[in-house]
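Q: The residues making up each chain are set out below.
Protein chains: 2
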Amino acid sequence: MQRPPIKHCKNCGHAVVYRLPDDGDTKERAVCPVCNTVHYENPLTVVGTIPAWGDKVLLCKRNIEPRFGKWTLPAGFMELNETVAEGAARETTEEAGAQFEMGEFFSLVNIARVGQVHLFYRAQLLSDQFDPGFETQEARLFTEDEVPWDEIAFRTVGETLKRYFADRSKGQFGIHVFDIT
Amino acid sequence: MQRPPIKHCKNCGHAVVYRLPDDGDTKERAVCPVCNTVHYENPLTVVGTIPAWGDKVLLCKRNIEPRFGKWTLPAGFMELNETVAEGAARETTEEAGAQFEMGEFFSLVNIARVGQVHLFYRAQLLSDQFDPGFETQEARLFTEDEVPWDEIAFRTVGETLKRYFADRSKGQFGIHVFDIT
Chain A
1373 MQRPPIKHCK NCGHAVVYRL PDDGDTKERA VCPVCNTVHY ENPLTVVGTI
1423 PAWGDKVLLC KRNIEPRFGK WTLPAGFMEL NETVAEGAAR ETTEEAGAQF
1473 EMGEFFSLVN IARVGQVHLF YRAQLLSDQF DPGFETQEAR LFTEDEVPWD
1523 EIAFRTVGET LKRYFADRSK GQFGIHVFDI T
Chain B
1373 MQRPPIKHCK NCGHAVVYRL PDDGDTKERA VCPVCNTVHY ENPLTVVGTI
1423 PAWGDKVLLC KRNIEPRFGK WTLPAGFMEL NETVAEGAAR ETTEEAGAQF
1473 EMGEFFSLVN IARVGQVHLF YRAQLLSDQF DPGFETQEAR LFTEDEVPWD
1523 EIAFRTVGET LKRYFADRSK GQFGIHVFDI T
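Protein chains in written order, with my numbering: chain A, 1373 to 1553; chain B, 1373 to 1553.
Quick caveat, the hints were computed from the structure, so don't treat them as lab data. Do not rely on the hints blindly, as some may be mistaken.
[What the hints assert, rightly or not] Simulated DEER-style distance windows between Cβ atoms: (1) A:R1375 <-> B:F1550: 29 to 35 angstroms; (2) B:G1475 <-> A:V1486: 25 to 31 angstroms; (3) B:E1413 <-> A:Q1471: 42 to 48 angstroms; (4) A:T1465 <-> B:R1391: 19 to 25 angstroms; (5) A:V1486 <-> B:G1396: 19 to 25 angstroms.
[As the list claims (entries may be wrong)] Output of the computed footprint for chain B on chain A, the stretches with three or more beta carbons under 8 angstroms from beta carbons of chain B: (6) 1375-1388; (7) 1413-1424; (8) 1451-1457; (9) 1477-1490.
Even glycine gets a Cβ: it sits at the ideal position worked out from N, Cα and C.
Same shape as in the complex, but just chain A:
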C-alpha cells in the first residue's frame, strides 16, 4: 500500500496512535487518544466499462497521471451514493463523453497489493462520436488487433480486455473473477 499513514484524528485533529482498538479488533488502527475515534483504512473500488462498437472497443488515452499518455478503459474510483453500474456509467460519460447503454457485469479483479477491487461492466455504444473530458487526450475505437497492448495503462484493463475478446470470439460472455499480484 502506498497510501500515506493517518497522522491526525479526522474528528478532533489530535495526533493519532496506531494500536489495537478496545473492541476486540485484531488489527492495529489509527486511534485518537483524546476522542477515541477509530480510523479504518479500507480497499477502494474502481468501476468502469468495456464500451463496444461492432468488433471494436473504446479506449481512452490518459491525460493525467498515473500512466499519462497510456491507453485505458473508462474507469475510476466509485463514489458514495451510487451503484457499481451507476459509477461505471458516470466514468464512461466523464472520461469518454460516449453515448451508450449499460450491459452485463463482466469482471471482478483483485489487486490486493494496492488495496483495490476493480469492477467492469460491458456497455454497448450508441454512437462512434466521443466528447472526452479533461482526463482524456483522445478516445478511439480499436479492434483486437489494433489495441496498443504494450501501451495499456493498467494490468486490470489489459487482462479484462483479453478476457473480453476471448469471450467475444467464442460468442458467449461470462463473468470473470481473477487476481493481479
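Fit chain B to the given chain A structure using the hints.
A: Leaving out everything else, chain B in the frame of chain A:
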C-alpha cells in the same frame, strides 16, 4: 450516508473545508486549507460466504450491534492487502470458526444509500462443528425451511440466501448482481 463528516485534516490536524478541489474534480471534498490534502470518502466493501453443508447453510447469531441477536451469513468489511475471497474466508473463520473450502463467486449487492457493496462467495463446509468468535452468539445450520427469515440481520443476506436456495433447487448456481434501495 450515516458516516460522520471529516472535520480535521488527517495529515496536519487543521480544520478542513468542504469545497471543490483544484484538480477539476466535480465533487466537494474535505480539503485542508493549510497542507492542501484532499480527503476522499469512498464506498466500503463487505465480503462474506454462504457456507453449505448438504442442503443446509450456516448462519451466525450476532453478538454485536447493529442487529444484535439477529442471524446473518459470515461477512464483514474487507481489509487492505487481501482479495475478496481471502476476506470472505477470513470473516468465515473469525465469525463461525468453520472448516471449509471456498467455492465460486455468487453475488454482488449494491446498497448505494449507505455507500456499500456486498460480495458473497459460496463455500463448502468440511465439518458441522463450529467455534464462533466473540462477534457470534451461536453458529447453526439451517435448511431453507428452517431459516429464520424474519430474524435475518440484513437484507443483503436475506436476498442472497433466497437466490442461493433458488439456484440450489434448479441444480445450477449463477452469479447474481442486484441492488437494495
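Q: Evaluate each hint against the coordinates.
A: Hints versus structure:
Between A:R1375 and B:F1550 the beta carbon distance is about 31 angstroms. The supplied range of 29 to 35 angstroms therefore holds. The hinted range of 25 to 31 angstroms is satisfied by B:G1475 and A:V1486, whose Cβ atoms lie roughly 26 angstroms apart. The beta-carbon spacing between B:E1413 and A:Q1471, approximately 30 angstroms, falls outside the hinted interval of 42 to 48 angstroms. The hinted range of 19 to 25 angstroms is satisfied by A:T1465 and B:R1391, whose Cβ atoms lie roughly 23 angstroms apart.
At about 23 angstroms, the CB distance of A:V1486 to B:G1396 agrees with the hint of 19 to 25 angstroms. Counting residues of the region 1375-1388 of chain A whose C-beta sits closer than 8 angstroms to any C-beta of chain B gives 11, which meets the bar of three, so the coverage hint holds. For a cut-off of 8 angstroms, the count of residues in the region 1413-1424 of chain A with a CB near a CB of chain B stands at 5, and the three-residue condition holds. A count of 7 residues in the region 1451-1457 of chain A with a Cβ less than 8 angstroms from any Cβ of chain B is obtained; the coverage claim is therefore met, three being the minimum.
Interface restraint, the region 1477-1490 of chain A with chain B: holds (7 residues with C-beta to C-beta distance below 8 angstroms; minimum three).
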